[in-house]
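Colleague: Fit chain B to the given chain A structure using the hints.
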Amino acid sequence: MNWMGFDTALPVIFMALMGGSMLVYVISDGYDLGVGMLMHRATDAEKDVMVASIGPFWDANETWLVLGVGILLIAFPKAHGLVLGELYLPVALMLIGLTLRGVAFDFRVKARDTHKQTWDRLFFAGSTLASVSQGWMLGRYVSGFGTGWNYPLFAAAIAAALPMAYVLMGATWLVMKTEGELQARAVQWAKIAWAPMVGGLVLISMATPWISATVRERWFALPEVIALMAIPLMTLISLLAVRGLLNTRVVRGPVCWLPFALLIVVFVLGFLGLAYSIYPYVVIDRLTLWQAASSPAALKVILFGVCLSVPAIVGYTIFSYRVFRGKTGELKYA
Amino acid sequence: MDALVLARMQFAANITFHILFPTISIALGWLLLFFRWRWLATRRGADAQGAQGWLDAYRFWTKVFALSFALGVVSGITMSFQFGTNWPGFMERVGNVAGPLLGYEVLTAFFLEAGFLGVMLFGHGKVSEPVHLMATFFVAFGTTLSAFWILALNSWMQTPAGHEIINGEFEVKSWVEVIFNPSFPYRFTHMVLASALTCAFLLAGLSAWQVLRGVGQRSAPRVLRVGLTLAAALIPVQIFVGDLHGLNTLKHQPAKIAAMEGVWQTQRGAPLLLFAIPDATERRNHFEIAVPKGASLILTHKADGEIKGLNEFPGAHPPPLPLFFGFRIMVGMGVLMLATSWAGWVLYRRAHWQPARLPRALLRLLAGMTFSGWVATVAGWYVTEIGRQPFVVYGLVRTADVASKVPAAMIGLTLALYVTLYLALIVAYVTVLKYMAEKPEEVLQNDAVDQAATPAGATTSPVVQGGAA
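First to last, the sequence lines map onto chains A and B. My numbering applies: residue 1 is where the first sequence begins, and numbers increase by one. My numbering applies: residue 1001 is where the second sequence begins, and numbers increase by one.
Next up, chain A with everything else stripped away, as it sits in the complex (with noise of 0.2 Å):
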């Protein structure tokens, strides 16, 4: 590879790396944000369980976050300030809902008896906050923040079923990780987000076409559309399949972790999707990878760092995970 070759792809490659971080933060982080968001059904022991599940987890899942936007900031410091000036109110919501969880994690178990139904509370909302306003930058930032009557009410739609597909992540998660009635509650759990979850990804997959000419053009042309199908029709199995398992007995035995894994399924696949709809631009019509680009001597020093540090990080997040596998314990049900 000749070195112009190589200064040309920095871009590409630094585009993956933050796509990648994204679609991990909101894997990882979607399943703790649905447990937080389905705090205020569960009772007072439930509560201390669920999260005891995501309580090892959180803080590295959430560092994702960091080093999506870090890569963002750092490699593409042109889309950084656009894309952030434009998201200005829903990122501090995000990031107060945000603070609101990750401190109620500590919060509640240190402070007084009194206090802790308070902080559970700060927990639900904090949660819930965080995954309307990523659910609203999200619709905002795919429609390539638009004006006009139709985009606010897009935006609005991802921000009403983002935290519906988080839900179902959390439900999933408890399904795997936990036993008991909290189990069986949880696949009920899981029954009802379903379909509004699938409803608002169904709504998003038709609305966007309609509000993007890029997108559209994308998608709906020969022969590339027969292709493509692969992705929405997997992703339909995948949902069904999921559906189907919540009704079987098999899910709170052997295969508890098959819900799950599905829906890791159908967020990779949703993100293929739309990278595919957006690339090459980081913001969509306005701005491509490259135009936003910092110099390739800068991407190369933090290529450097990136080659030693992120198999690193992913070896001890494989370590962590390993560390605390298994049911998470049901001790406070004495």
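Think of the hints as simulated: they come from the structure by calculation, not from any bench. Fair warning: this is a prediction, and the values are worked out from it, not measured in the lab. Any given hint could be a false lead.
[To be verified] Straight-line Cα separation of at most 25 Å, SDA-like style, residue types lysine to any residue; simulated pairs:
hint: 1; chain 1: A; residue 1: Lys300; chain 2: B; residue 2: Gly1089
hint: 2; chain 1: A; residue 1: Lys300; chain 2: B; residue 2: Lys1173
hint: 3; chain 1: B; residue 1: Lys1251; chain 2: B; residue 2: Phe1180
hint: 4; chain 1: B; residue 1: Lys1126; chain 2: A; residue 2: Trp257
hint: 5; chain 1: A; residue 1: Lys78; chain 2: B; residue 2: Met1079
hint: 6; chain 1: A; residue 1: Lys300; chain 2: B; residue 2: His1163
hint: 7; chain 1: B; residue 1: Lys1434; chain 2: B; residue 2: Arg1360
hint: 8; chain 1: B; residue 1: Lys1126; chain 2: A; residue 2: Arg325
hint: 9; chain 1: A; residue 1: Lys78; chain 2: A; residue 2: Ser295
hint: 10; chain 1: B; residue 1: Lys1405; chain 2: A; residue 2: Arg286
hint: 11; chain 1: A; residue 1: Lys191; chain 2: A; residue 2: Leu203
hint: 12; chain 1: A; residue 1: Lys191; chain 2: A; residue 2: Ala156
hint: 13; chain 1: B; residue 1: Lys1439; chain 2: B; residue 2: Arg1038
hint: 14; chain 1: A; residue 1: Lys300; chain 2: B; residue 2: Phe1148
hint: 15; chain 1: B; residue 1: Lys1173; chain 2: A; residue 2: Pro296
hint: 16; chain 1: B; residue 1: Lys1308; chain 2: B; residue 2: Glu1288
hint: 17; chain 1: B; residue 1: Lys1173; chain 2: A; residue 2: Cys307
hint: 18; chain 1: B; residue 1: Lys1126; chain 2: A; residue 2: Arg322
hint: 19; chain 1: B; residue 1: Lys1434; chain 2: A; residue 2: Arg121
hint: 20; chain 1: A; residue 1: Lys116; chain 2: B; residue 2: Tyr1422
hint: 21; chain 1: B; residue 1: Lys1173; chain 2: B; residue 2: Phe1391
hint: 22; chain 1: A; residue 1: Lys78; chain 2: B; residue 2: His1163
Modeller: Relative to the frame of chain A, chain B by itself:
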């Protein structure tokens, strides 16, 4: 108020709130490693009670660490966004320098901490002792490495070096010069020591409070001794390093020193002002109380040494009022820390390390100074950060030129939200720390419950059933 002032206030509110918690976690990580090591070293010895005291201390302070770390993480995330929301021009202009430094902070340090923190907090008994000790080490190492990268960037913004400017954009010529820029060694040492002192007074203060309340009898005497010894040993070092840092600032940022000392006209034999109210409109001081030639003596080590005045830097010097007072609050707090820690250490030694024999007044003073490190640290940061104004990169990029175009009302609204949240969280943090200190047994009990409830493969089930029975 204009958008620039509001954007600066918002960033300042966030960064002030943020720095409180890394200031604790940088040094507390190493102290946890120390407690852990003391326990491992003494647990098979004759003094079982003493060994248990170290384990109690480790477990209790791990909880404090977890809480501080969580607050540091959430406010740190906010900051990574506010670079873009408040200062979009900053990364556009100096992204090639600042980007990699911030990137390395996130990559090497943040992840190291967050990944191993889960094992450190919840993994006791689920991984072997050496692995757990390693996890504790990596968490401590990670927090320090975080500080290294962030202070490298901050110092570069104060004393930029190793770059060249091509068409208004900064390009790096030498990374070694960028990272080890002229003020970096001083600032990094100063900050790490500030963290150690903040922790020393936090340890001593909460332990003194426990002694006063008659709780935590196994660990409090030990932790009090660690805190006092650390404080007494490090405060003279900090004063020495602070003086070196001041001399370095005089060389590279004379306008900042002039504002700190309230010097308007360049003069030889400048007096040391103990008190004054610098007035930026009349460009003179009111109500001066001065020690003749003091400032020249301290800063140039010569009685008639020359100090440049603010009038030498028209339109390019910081506002003197906050620097003048911020600097005096920091130094005043340092002197108080010196007196308290030395007196406390001597008295504690004379009492043969038995806190019951210490004067109650000393314990109350120490308890009152639990968060004195915060006051000194924040005052110091205000001096250095406001002292960089009106530049964001000293002498090269003005803050006003990189600010965002977001309407003032929007910034004002979010500022109000952030400030409300942060004040509430500081109150909650201090209240919970006090509550934990008063009920250490409960904290350790909860710890055991948490540990059992956390999944660890097949091994949890018997513990859970045993507990439930």
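Colleague: Could you check the structure against the hints above and give me the numbers of any it violates, in ascending order?
Modeller: none
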